[in-house]
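Colleague: Spelled out, the chains give:
Protein chains: 2
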Amino acid sequence: MERIPVIEIFGPTIQGEGMVIGQKTMFVRTAGCDYRCRWCDSSFTWDGSAKHEVEWLTPEQIWQQLKQLGDDRFGHVTISGGNPALLKGLSALVTHLKEKGVRIGLETQGSVWHDSFDDIDDLTISPKPPSSNMETNFATLDMIMDRLATHRGRVSLKVVVFNDQDFSYATYVHQRYPSVPFYVQVGNDHIHEADDVTLRLNLLQKLEWLVEQVIQSKHMNDVCVLPQLHTLLWGNRRGV
Amino acid sequence: MERIPVIEIFGPTIQGEGMVIGQKTMFVRTAGCDYRCRWCDSSFTWDGSAKHEVEWLTPEQIWQQLKQLGDDRFGHVTISGGNPALLKGLSALVTHLKEKGVRIGLETQGSVWHDSFDDIDDLTISPKPPSSNMETNFATLDMIMDRLATHRGRVSLKVVVFNDQDFSYATYVHQRYPSVPFYVQVGNDHIHEADDVTLRLNLLQKLEWLVEQVIQSKHMNDVCVLPQLHTLLWGNRRGV
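From first to last, the protein sequence lines are chains V and H. For the first sequence, UniProt numbering begins at 1 and goes up steadily by one. For the second sequence, UniProt numbering begins at 1 and goes up steadily by one.
There may be inaccurate statements among the hints.
Note that the list lumps identical chains together, so a pair holds whenever it fits in one copy or between two copies.
Claimed, not checked - Taking lysine-lysine and the PhoX-like style, the derived pairs with C-alpha atoms no more than 25 Å apart in a straight line are: (1) Lys206 to Lys100; (2) Lys218 to Lys67; (3) Lys206 to Lys218; (4) Lys218 to Lys98; (5) Lys67 to Lys206; (6) Lys218 to Lys100; (7) Lys100 to Lys51; (8) Lys67 to Lys88; (9) Lys67 to Lys100.
These are calculated hints, taken from the structure and not from any lab test.
With the sequences and hints as input, model every part of the structure.
Modeller: This is the structure we're talking about:
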């Protein structure tokens, strides 16, 4: 039985980001990442700080936990990380969830292909901008976007933007894959801010800035600009 | 030349609602409505208060105003109201905009069919809940949703929710048309609140309530819960 390292399972809640913003869903967060983004809001998935929380679970064990939490109150499951595309056991989980009749969302940075991408209903590829300190391998990303051109579900690109340089990067990515639905998202650089009001107003101010960048750019006409809805709602808390 | 009554044209900005949330777009707001929703945030389109602002414009005149405002910085136009479906001249405008190569979004309450619905790329049908004091004619809505079953663009239903009764109504609408992507949206009952911080925090609190209703309901598993993004950003101001 193939097991995958799971760091948290929670829900029902709503999706906070990108093409699936607002979607009622359950979350399965896998451990392990090939990236180390400077501003990662889930660094506990890779920095060792939540090592003791990682459980190696079979698809059926994951399903049991989902049912226990969500009972008959969910129809959509989001697999997030970390980078779930690193996990060989992902295919078995995706197959199992499909058999149970739920729709599946998955988010990954587009650094690695995984055959199970083909079976994801809502697939978000989120390459990381310069502020992350990571470097995009565009040869790999090209290959992935090429293979996704015939995808049967919904596919989108999403770039988090913290500053002007990130916005240039987002523009470049959108122009490189112009036919793929494109989302720019406000970065949260107050990941340790405990005061929700301060955080909310700060994020909305940043969103206003990002909207203005998009409005002014003739290269960003067919894009969506979004906040992280869960951060506006629940601040930096985990498990919601 | 067919003219339509236009009450404001503005943009580029972003869409604040539903399936097109965050989408960069221009707005053409038409005058006149068959409804009188109690909490309407655009009552100036029908209550006579902005009568002097109404201009009867040809499709080319509308296009010229869009170009003047948006130049080469837009690729999407939203037609909103009032209820644009009431206007015979709508077809000519939609045809003209299509010829110019822009994508078109349109929102209407689903009280009247219009042949130009077939040519809309992003069509939102937004029946009004009990708190509006309006009554839905479900025979008409059935007919409209039936005709839209073979629509080539994106179609969704959106219901604004202010209270428990509205939420029951939303649940009913979703169950009546289960295959149509469904959005519930937080109502803004502070349409005269001038203080943006108060308004923002109030809306986010309401959003949290609505998310909780959706989480608890087994009939609302495949839905999206969203705020009005433009109200979070810009409060009750017009023309943004």
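Colleague: State for each hint whether it applies.
Modeller: Do the hints match the structure? See the list:
no.: 1; hint: Lys206 to Lys100; verdict: neither (40 Å within a copy, 33 Å between copies)
no.: 2; hint: Lys218 to Lys67; verdict: between (47 Å within a copy, 13 Å between copies)
no.: 3; hint: Lys206 to Lys218; verdict: within (20 Å within a copy, 36 Å between copies)
no.: 4; hint: Lys218 to Lys98; verdict: between (41 Å within a copy, 19 Å between copies)
no.: 5; hint: Lys67 to Lys206; verdict: neither (37 Å within a copy, 28 Å between copies)
no.: 6; hint: Lys218 to Lys100; verdict: between (45 Å within a copy, 16 Å between copies)
no.: 7; hint: Lys100 to Lys51; verdict: neither (30 Å within a copy, 56 Å between copies)
no.: 8; hint: Lys67 to Lys88; verdict: within (24 Å within a copy, 51 Å between copies)
no.: 9; hint: Lys67 to Lys100; verdict: within (11 Å within a copy, 50 Å between copies)
In the structure shown, a violation is registered for the earlier hints numbered 1, 5 and 7, in ascending order.
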